[in-house]
Amino acid sequence: MATTAVSVEQKNYINAEYGIRSWLFTTDHKRIALLYLISITAMFFIGGFFALLIRLELLTPAGDLLTADMYNKAFSMHGQVMVFFFLVPSIPATLGNFLIPMMIGAKDLAFPRINLLSWYIYIAAACLYLWCIATGGVDTGWTFYTPFSSQFSNSHVVEAALAIFIAGFSSILTGLNFVVTVHRMRAPGMTWSRLPLFVWSHYATSIIMLLGTPVIAITLVLVALERALNLGIFDPTRGGDPVLFQHLFWFYSHPAVYIMILPSMAVVSEIVPCFSRKRIFGYTFVAIASIAIAVIGFLVWAHHMFVAGISLYSALVFSFLSYLVAVPSAIKVFNWTATMYKGSVSFSTPMLYALGFIGLFTIGGLTGLFLACLGVDVHVHDTYFVIAHFHYVMVGGAVLGYLGGIHFWWPKISGRMYPESWGRLAAIIVFIGFNLTFFPQFILGYLGMPRRYWDYSHMPEWQGLNVLSTAGASILAVGYLLPMVYMLWSLRYGKPAPDNPWQATGLEWRTASPPPTFNFDETPEVTWEAYEYEKMPLPEEVTLER
Amino acid sequence: MFDNFPLWPASASSHSLPIDLLYIFLVVLSAVTTLGIFAIIVAFGAKYRRRHGREAQQIEGSMILEIAWSIIPLGIFLVVFVWGAVLFFDVRTPPRDSAEIYVVGKQWMWKLQHMEGPREINELHVPVDKDIKLIMTSQDVIHSFFIPAFRIKQDVLPGRYTTLWFRATKPGTYHLFCAQYCGTMHSGMIGEVVVMTPTDYQAWVTGSAPVGSLAQDGRTMFQQLGCNTCHRFDVQGRGPNLIGVFGHPVQLEDGRIVTADENYIRQHILTPGRTVVSGFKNIMPSWQGQITEEQLNSLVAYIKSLGAPPEGAAGGPTNNPGPATAEPRD
Amino acid sequence: MSDSQAIGETPLAIEHESRPELRHHFADVEQQRNAASLGMWWFLGTEIMFFGGMFCGYLVYRRIYFPDFAVASRSLDLIVGTFNTTVLICSSLTVAQAVRAAQLGKRVLQVRMLLLTLVFGLAFLGIKAYEWGNKYKEHHIPTFSDYNVISGEGSLIKGDNAKFLGIDKLRNDPAKLRQREAEIQQRTKIFYSLYFALTGMHAIHMVVGVGIFTVITIMAYQGKFTPEYHTPLEIAGLYWHFVDIVWIYLFPLLYLIDRRPGA
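Protein chains in written order, with our numbering: chain A, 16 to 561; chain H, 8 to 337; chain S, 310 to 572.
These are computed hints drawn from the structure, not numbers from a lab. Errors might be hidden in some of the hints.
[Stated by the list, open to error] Per the computed footprint, the stretches of chain A lying under chain H, defined by three or more beta-carbons under 8 angstroms from a beta-carbon of chain H, are:
hint	stretch
1	288-298
2	345-357
3	360-371
[As the list claims (entries may be wrong)] Simulated crosslink set (DMTMM-like; lysine to aspartate or glutamate; CA at most 25 angstroms straight-line):
hint	chain 1	residue 1	chain 2	residue 2
4	H	177	A	476
5	H	288	S	482
6	H	118	A	84
7	A	26	S	326
8	S	478	H	260
9	H	118	A	470
10	H	137	H	97
11	H	54	A	435
12	A	550	H	97
13	H	54	A	547
14	H	288	S	326
Ideal Cβ positions, reconstructed from N, Cα and C, are used throughout, including at glycine.
With these hints in hand, go ahead and build the complete structure from the sequences.
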């Protein structure tokens, strides 16, 4: 097993310059991607810590581990950290930043300095949020509903709201960069219909980031102003309307879930063809489905508010539209599955994650249908059913896609192969742990266990399912920790990676692993379609090596 | 065996079965689809696993399949949508002659007022097989009234009334939860719904401390606050005669016609200038900040209890002498 | 839509050498200019959504509290507001002239127009500060405890406002009068909250714009803008025009709700 560096003589983006200044002032999209990778991993474990507190408390019916206020803060900060500081940036800021210029044959994103600025904004936001946690935290739930958040909460609402407001700008600038890059920086011959689906999905994600994020930004500003200056815009005792807040909040926060899932779908669209050795089934449909999800996704926000006091007729309209938005996601699932038909399938770690995604996203998406259904939603709204649903799509979907993508492109990013058997083991542990954690929660939800309950001592019959869920969480935690260990191990001891270990199509695989700073020695001229796997040789037993 | 490991909630209202049926349909649909996808993936993975000498077959796609697997799911989704919408209409439309109970939610308790008089905290006694409508508001933040066994819930908002109705079908005791996060003791804002046979319920009502029915309290309030000086019952006073007004159309000064329901009465007491009745002057004082939610509830209940409908709409300068006595007999 | 750019006949290296403003990851200046322009348009799209949230809140409350909003709107100084709007529109004119001057290669004219833009921009901010000062004196700023629209210096109950608000009929009944006044106080406070949030957010954008244009003016003075390359000036101009357009929406919505003679 080689322990020397990749190729001592070869300059790549990692060894091009040394020193902390060369990293902190870089404009290289690949270095910025790594800066993001480190930051969001840190935030992921902070969010995970809060999850640990929640699951430990819920092992017993009584509220015997934390005080009620501490528990309320734990679930609030778990949600806010995971959504705004992990899931929303995750794939776009790491894999998107790293790969999009390469996939389209460009030297960098359109605005490299703005890319670096977006990372600094993210860091500033994260620091403010950590300050908020350190000085006592916030207990409004991740949803900040008024008038609780604006009048009644005794926690650090303003700091948390401002931190998320700032983080929103990081998101907006990332989206801006991607949209302009895809429009203006494609290499000669790289037409829209030759773009990898990874790029199409990120393009759709960026549209949502650009148009949706400003709305939550201004909403959080208004809440912060209301609280700090005692205004009354959302206070019913002073003529305000708390439901207005909900409309403004969900106008972003629903499309936000598509920001969190589309990039994972992007990853799956790259992995499945590669490990089936054939082009994706229905390229055009998958590409258009991404755009359709982004567009229709802006029209369904009030399905979070069916029992919030909106009119019957509003509810009908939003329920109908919510069923429409499910169709493009279904189309994608069918196309990915069909891609395996008559393929030459192998089960590498990325493929295991991608297949896990397809299965778990299917369950998550189908349970969304339950919630879009007006009659059923009345019963399951604000219960553990909802929690199970969104964790199926966010963890079973988005996180699995993220892990799959990290593994798939790890050789390109680091120049090393991760240990394949450990990778597969971790994937299976994650899959098992995840299902054990969240499947019982569907049952708990239908039974009537509400969300955000610190104590359930009057309902001890719920304990069995809660214990199963916590057991699953501990297994899931192991599954998350393993890659931390072996990926870091691989940086030193992993087998040096060739340019194209998976024999994948895509321009990023036509350059060295790790790539040189300017990606390509010469700008490619593209004359081929996106997934021409018939022209690619089979990878040489790479997937079976340690 | 499943006492400590329940898998299905109790079913105790007329909503429970229809919703359970729709839920089961969705579960079956989801299970079939999920297992189907899983099975296909496993089958393809096995049948088409990588073997030397066998190459993958490049397939662009299939328009027929794309259309099929877009239209068929859409069709199924629309069936589910319509089914759910029909149920929702029913859940959101209380029957006309429902008995009413007023609910006030506050951090962190539920206060309930029966029309016959009893007041309850965190407990709701109801007779079986009777349509019950809850009229709810909050004193502080948003709460949500949730009875899993009845399969219903409705957010309870400050500054507004929201309603929810049910018909309990099985005597017993069922959980009541607050389902909208409302602060520290959100998980403590729970209680019980006790469904009783009609005789037991009567016994309970008469057994509870008689505080006076809600409408009687409202009548006292009506006099104490001086409402009766303008809203006379013998001739039209400076304000409209309120006999039979409730539930009927009212013509406003600006030409709009609105229905005098609970929300209208409540809003009109708090901000009368917004909905001045046609033919009358805008002289009614506002009671905003002057009376509590419970007092408001009792006034609304009293106005509802007032007798026969007048001729025509309540608005308009018709002279409507009403009964000869100064007040309707109560 | 075919935006994929051919490298063209000019060898990459020569283009990069002769055009120092061309950044390394772009093939030619045309691509760079297009990218910058598209980026700014999209950014302005996000700004529309940003202001849009507040506009939405404003529209909801205006609809349900129309009389109170109308009366509060009348308390804003129409003459000063109109004058300020004119000032801002003139600043957009000078920006456009500056861009034109750059296209014609006239450095001195560029700098003059840009300086005028800055003057107009700062004048706008100064006049805004003056208006806010007046609001402070009239006790109309929502967060202060002595906020009072009913009596004293800041009273809104004047002219035919009293009739419009339904106050005049209540003069004989102090209790009822107090109720209605409390309600007016609440609702006009929502108007003023939105007024300050909207104009405050707009002013922040103006301050940023003034900062950007200071830099641009220095760059113009240093002769950095030529007919072939004046992209920073163009896209800064786009930003300025956008901030102007936001004001053109804000002005009628805030100042002109229900102006009538004698009100």
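Okay, the hints, checked on the actual structure:
no. : hint          : result
1   : 288-298       : holds (count 7)
2   : 345-357       : holds (count 10)
3   : 360-371       : holds (count 4)
4   : H:177 - A:476 : 21 angstroms, holds
5   : H:288 - S:482 : 14 angstroms, holds
6   : H:118 - A:84  : 24 angstroms, holds
7   : A:26 - S:326  : 24 angstroms, holds
8   : S:478 - H:260 : 15 angstroms, holds
9   : H:118 - A:470 : 21 angstroms, holds
10  : H:137 - H:97  : 16 angstroms, holds
11  : H:54 - A:435  : 23 angstroms, holds
12  : A:550 - H:97  : 60 angstroms, violated
13  : H:54 - A:547  : 22 angstroms, holds
14  : H:288 - S:326 : 83 angstroms, violated
In the structure shown, a violation is registered for the earlier hints numbered 12 and 14, in ascending order.
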